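The primary structure of each chain is shown beneath.
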Amino acid sequence: MATLEIHDLHVSVETENGTKEILSGVDLTVKQGETHAIMGPNGSGKSTLAYSLAGHPKYTVTGGTVTLDGEDVLEMSVDERARAGLFLAMQYPVEVPGVSVSNFLRTSATAVRGEAPKLRTWVKEVKEAMERLSIDPAFAERNVNEGFSGGEKKRHEILQLELLKPKVAVLDETDSGLDVDALRTVSEGVNRVRESGETGTLLITHYTRILRYITPDHVHVFAKGRIAESGGPELADKLEAEGYEAYTKGA
Amino acid sequence: MAENIPVGSTTDGAVQVGGGQPADARVSAPASYDVADFPVPHGREEEWRFTPLERLRGLHDGTAVDDGGVRHDIFSPSGVTTELVDRDDPRVGRAGKPVDRVAAQVYSSFQKATVITVPKETVLTEPVRIAAHGQGGTAYAHHVIEVGAFAEAVVILDHTGDATFGGNVEYILGDGAKLTAVSVQDWGDKAVHAGQHTALIGRDASFRSVVVTFGGDLVRLHPRINYAGPGGEAELYGLYFTDDGQHQEHRLFVDHAVPHCRSNVVYKGALQGRQAHAVWIGDVLIRAAAEGTDTYELNRNLVLTDGARVDSVPNLEIETGEIVGAGHASATGRFEDEQLFYLMSRGIPAAEARRLVVRGFFAELVQQIGVAELQERLLEKIDAELEASV
Numbered sequence: 001m002a003t004l005e006i007h008d009l010h011v012s013v014e015t016e017n018g019t020k021e022i023l024s025g026v027d028l029t030v031k032q033g034e035t036h037a038i039m040g041p042n043g044s045g046k047s048t049l050a051y052s053l054a055g056h057p058k059y060t061v062t063g064g065t066v067t068l069d070g071e072d073v074l075e076m077s078v079d080e081r082a083r084a085g086l087f088l089a090m091q092y093p094v095e096v097p098g099v100s101v102s103n104f105l106r107t108s109a110t111a112v113r114g115e116a117p118k119l120r121t122w123v124k125e126v127k128e129a130m131e132r133l134s135i136d137p138a139f140a141e142r143n144v145n146e147g148f149s150g151g152e153k154k155r156h157e158i159l160q161l162e163l164l165k166p167k168v169a170v171l172d173e174t175d176s177g178l179d180v181d182a183l184r185t186v187s188e189g190v191n192r193v194r195e196s197g198e199t200g201t202l203l204i205t206h207y208t209r210i211l212r213y214i215t216p217d218h219v220h221v222f223a224k225g226r227i228a229e230s231g232g233p234e235l236a237d238k239l240e241a242e243g244y245e246a247y248t249k250g251a
Numbered sequence: 001m002a003e004n005i006p007v008g009s010t011t012d013g014a015v016q017v018g019g020g021q022p023a024d025a026r027v028s029a030p031a032s033y034d035v036a037d038f039p040v041p042h043g044r045e046e047e048w049r050f051t052p053l054e055r056l057r058g059l060h061d062g063t064a065v066d067d068g069g070v071r072h073d074i075f076s077p078s079g080v081t082t083e084l085v086d087r088d089d090p091r092v093g094r095a096g097k098p099v100d101r102v103a104a105q106v107y108s109s110f111q112k113a114t115v116i117t118v119p120k121e122t123v124l125t126e127p128v129r130i131a132a133h134g135q136g137g138t139a140y141a142h143h144v145i146e147v148g149a150f151a152e153a154v155v156i157l158d159h160t161g162d163a164t165f166g167g168n169v170e171y172i173l174g175d176g177a178k179l180t181a182v183s184v185q186d187w188g189d190k191a192v193h194a195g196q197h198t199a200l201i202g203r204d205a206s207f208r209s210v211v212v213t214f215g216g217d218l219v220r221l222h223p224r225i226n227y228a229g230p231g232g233e234a235e236l237y238g239l240y241f242t243d244d245g246q247h248q249e250h251r252l253f254v255d256h257a258v259p260h261c262r263s264n265v266v267y268k269g270a271l272q273g274r275q276a277h278a279v280w281i282g283d284v285l286i287r288a289a290a291e292g293t294d295t296y297e298l299n300r301n302l303v304l305t306d307g308a309r310v311d312s313v314p315n316l317e318i319e320t321g322e323i324v325g326a327g328h329a330s331a332t333g334r335f336e337d338e339q340l341f342y343l344m345s346r347g348i349p350a351a352e353a354r355r356l357v358v359r360g361f362f363a364e365l366v367q368q369i370g371v372a373e374l375q376e377r378l379l380e381k382i383d384a385e386l387e388a389s390v
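Residue numbers (the UniProt record's numbering), protein chains in the order written: chain A, 1 to 251; chain B, 1 to 390.
Here chain B stands alone, though its shape is the one from the complex (with noise of 0.2 Å):
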C-alpha cells in the first residue's frame, strides 16, 4: 500500500485478526487519571519511541510546573454556557482517562477545568471560539465541551503564540448531537503542545473532527474516538505542515466497542526542510461486540525537500468477522524534481510550483469537510502558511 517512499521514511502496516497484541497496547501503562501510575519515558518505549523527549521541556517528566503561560479566551454564542469546575466534577473525564504521561500530567495539574455546555437540542447558528494563546510560559488546561441530545454546534480551539502546554481536551455527544471540533495549532516556532483530544459519541451522534498543525517546535496529539451507544459515526480529518526543525506527531485511536459505529480518518501531511519530522499512528480496534462496524483510515504525505522524514503506521484489529467493512492505507510521495521542471517550464517560478502543488494536495481533504465557512477558513490559513514558508 506504499508507494514512493522516500529515504528516511517508514511506512508500516498491519492488519491483525483477533488475539494477539490488541492496538491500544501501544501505551505501555494502563489508562489512568493519575500521573503517578505512568512511569517518566525513557524514550524507547512504543508510545514514545518517535519522540524526541528532551524537547518536551519537562511536560513527561514533572518538571515543566505551570506558572499561566497560556491565555484563554471563550467566545460563545448565547444559550451555551461556560464553568469552571474541579477535578471531581462527575462531567470531567467522562470521555476516557488519559493514556499517557503527558496527558495524566495535564489531568493532575490543571487548576480548573472549563466545561462548555450546549444544551440538548439547541442548534447553534455560529461556533464557539476557544483561543489560547501563549505568552511564553507554561501551563495546563482541560477543556470539556459537552454537546445534548439532538444539539448541533462547530467548536474551533485556536492555539497561538509560544508556550510549553499540556491540554486535553473531551467531547461529549448526547444522543443524536453534531459536532463539528476544529483544533487548529499554529504555534510560534518556540511552543511545545502536548496532549489528548478524547471524544465520547453518543447514539446516533456524528463527531466530525478536523486537526490542523502548522506551528510550533514540536506537537504530539491523541486524537481518540470511544463510542457510548450503537449509530455513532466520526470523521477525523487532520492536515499537517511539518517545516524543517518541527516535530509534528498525531497519534490516533478509534475504540469500536459498540455494534453499527463508523468512523473515517484522512490525514494528509506536507514536509519541508532536514529537520521535519511527522508521525502519525493510526490504530483502530474492533472489538468482538462490534458488529456491523465500518470503519476505513488514509494517511497521505507529500515530501517537498530531501531529508525530512515520516513514519506513517497504521493498524487495524479486528475481533469480529460481521463487519460492514475495515481498511486502511498509507502513502507517502515526493514533489519530485520532474514535476517541479515541468511546471517551470510554463513559467512557473519554484516556489509557486511547490505551492501549487501543495494547495491542491490539501485541498482535496479541505473539501470533504463540508463548512463552507471552515472551508474558506482552512485555505486562507494553508495559502498563509504557504506564503510564509515556501
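Isolated chain A, as found in the complex (with noise of 0.2 Å):
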C-alpha cells in the first residue's frame, strides 16, 4: 500500500527581508485510499506544503524528511516527483500558450505512464473523462488553460487527476473561485479517484464548504506552519461553528 509520509518537515523561502521559515516540523502520514483535510487560516503555511512536496525550487527544505514508499522524495526532481505518484492540483495553474490541452494530457500521461497510451484508447479514456467533467470536447484543442475561466481552469486540474492516477493527490484549494455547480462536478471527481481506492488524497482548503461534497477520513488544523490538531469529520464542524481564532491567537 502506498505511503507518503512527511517527517518533522521544515521549509523556508527567501524574502526581501531574508530568510523566513513557512514550515516549523510538519508530521503527516497519508495512506492510499485515505483522504485527508488540512484546513487552516491563511498564511498559515498549507499552500507552501503543497508546493514543497511538489519540489517547486521557490521553497528551500530545511529540515525533516518526505518519502512515498520509502523512496526519498525530496531527492527527486520536480518531474520525477510526478512519475513517482506524486499529483498537485494548483491553485493557480499556469498558462502554456502554443501547446493545445490534448498534447499536454497525452505527453503527460505517457511520462507518467513509462510508454504512450494506445492512441484508439486513448482518445476515449480522454472523451469520457473530460464528459464525466462536463468538459465541452472543444477543450481539447485550446492551449493549457489560457483564456480558462476560473472553473475550467479547476476541472482541467481534476481531469489531469483522474488520467494520471497518481499515488498521493494534493489538492491545494482546488474549491477556491468555484461556484456550487462547479464544486459539484469537481468534488465528483475526486470522489470518483477516491472510490478507486487507489489515492490517497490531501485536501487542503481554506474553506468547510467542500467537505459537505469530499468527506474526509481525517482533519487536520493547520497553524504556524504546523499540524496544531487532527481529528475526524467532526474537527471540520468545530472549525466552521467556531472558525480559526483558538489556533492563530497568541505567540
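Source of the hints: derived by calculation from the structure; they are not laboratory data. Small disclaimer: the values here were computed from a predicted structure and weren't measured.
Short derived list, chain B residues pointing at chain A, Cβ under 7 Å:
no. : residue
1   : Glu338
2   : Gln339
3   : Phe341
4   : Tyr342
5   : Met344
6   : Ser345
7   : Arg346
8   : Gly347
9   : Ile348
10  : Pro349
11  : Leu356
12  : Val357
13  : Phe361
Calculated Cβ distances over 10 Å to all of chain B for the following chain A residues:
no. : residue
14  : Thr65
15  : Trp122
16  : Glu229
In this text, a Cβ means the ideal position worked out from N, Cα and C, and glycines have one as well.
Hints are included, so try docking the two chains, each in its own frame, into the full complex.
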C-alpha cells in the first residue's frame, strides 16, 4: 500500500527581509485510499506544504524527511516526483501558450505511465473523462489554461488527476473561486478517484464548504507552519462553528 | 504592444503618418548595383547597428573573395528552364536594386547568375529545389526565379554546410502568377550568410514566402517586396531558432507603391543561450499612390533562457489615408519558470517541456502556410532542431 510520510518538515523561503521559515516541523502520514483535509487560516503555510511536496524551486527544505513508499521524495526532481506518483492540483494553474490540452495530456500521461497510451483507447479515455467533468470537447484543442475561466482551470486540474491516477494527490484550494455547480462537478471527480481506493488524497482548503461534498477520514488544523490539531470529520464542524481564532491568537 | 519584455531586449515600434523620414531611409546609401556606391560600414549606421561586422568575414568590406565554396544543385520539374547568364541579362536585377554593401558586393562579384523560368500558365505539381551546400569556402551567388503569367510554382532553397556566403535571390511574378518560395537556412555552426531576397509581384499575383533560419554563426537576410501592378498579394512567414552564439537577422521591407495590394507578415522566433541574438526589422511603406492597401505585420519572440537578446523593430509609414488597413505588433515573451514547473509537475522532463512549448509556438505559424507537404517537412525540421538543441 502506497504511503506518503512527512516527518518534521521544515521549509523556508527567501524574502526581501531575508530567509523566512514557513513550515516548522510538519508530521503527516497519508496512506493510499485515505482522505486527509488540511484546514487553516491564510498564511498558515498550507500552500507551502503543497508546493514543497511537488518540489517548487521557490521553497527550500531545511530539515525533515518526505518519503513515498520509502523513497526519498526530497531527492527527486519535480518531474521525478510526478512519475513516482505525486500529483498537485494547483490553486492557480499556469497558462502554457502554444501547447494544446490534448497534446499536454498525452505527453504527461506518456511520461507518468512510462509508455505512450494506445491512441484508440486514449482518445476514448480522455473523451469519457471530459464528459464526466462536463468539459466541452472543443476544450481539447485550446492551449493549456489560456483564457480558461476559474472553473475551467479547476476542472482541467481534476481531469489530469483522473487520467494520471497518482498514488497521492495534493489538492491545493481546488474549491476556491468555484460556484456551487462547479464545486459539485469537481468534487464528484475527486470522489471517483477516492472510490478507486488507489489514491491517497490531501485536500487543502480554507473553507469547510467542499467537505459537504468530499467527506474526509481525517481533518488537520494547520497553524503557524505545523499541524496544530488532528481529528475526524467532526473537527471540521467545530471549525465551521468556531473559526480558526483559537489557533491563531497568542505567540 | 510589447509585453513581457525580458531584460536585454528592445522592442520598438513606430507609426508615422506622412512626411518624416521614409521607412527606406533606414539604409544610409541609395540602392545601387555597384558596390563602390556603398561605403564600407563601420557599424554605427542605422542598418548595421545590430550586426557584428567582425563576424561577417569580409563580406562587407571586399576582402571575402569567391573561391567557389558553395555547390549549387538544382532539381527542376520538366517544363522549367535553367540558364546561366551574365550580369547584363535584362532579367537580372529587375526585382530591385541591392540596398546594402553586402548585397551590392554579391551583385558585383558573382560569376554567372542562374535564371530559373517557369513559363506562363504552367502549373507545377512538384517543387523546384535549389540545394546550396557550403564546402567551407567563400561564394557569391545570384538566382532569379521568374514565374510567368498565371503560372503556379513552389520553389525551395536549402542552405546547408559551412561557408561564407553572399546570396541574392530575385523572384519575379508575372500577372496572376502564384509562387511559394521557401528559403531554409539550415547551415552548420560556422556558416556566415548575408543577402537580399527581392520579389517583384505582378498584377493580381500572389507571393508566399517562408524563411526558416536555424543554422549558421551569422545570418542576415533582407526579404523585400515590390509590386508591379495592383491586386498583388504577399504573405511573408518567417521562423527562426537562435541558439547560443548565433546572430540571426531578418530585415523586411514592403514597398506599397501601387494601389490595392495586400501584405501580411508573420515572423516568429525562439531563442536560447546567453549569446543568442535575433534581430527583426519590419518596415512597411505605404506611398501616396497606394490607395486601398491592406497590410499587417507581426513579430513574436519566445525567450527560453536568460541572456538571449531580441531586437524587434516594426515600422509603418503611411502617406495616404485611403487604405483598407495597416497595423503591426511585436511581442517578446519568456518561457517562464512557472510554466516549466507546471509541465514538470505532470511528469514531463524539463527538456521535453521546453520542446513542447517551442513546437507549439512554431506549429501555430506552420499551420498557416497552407502547403501540406511543406508543413510536414517544416515540422519535422523543427522537431530535429529541437531534438538536437533543447
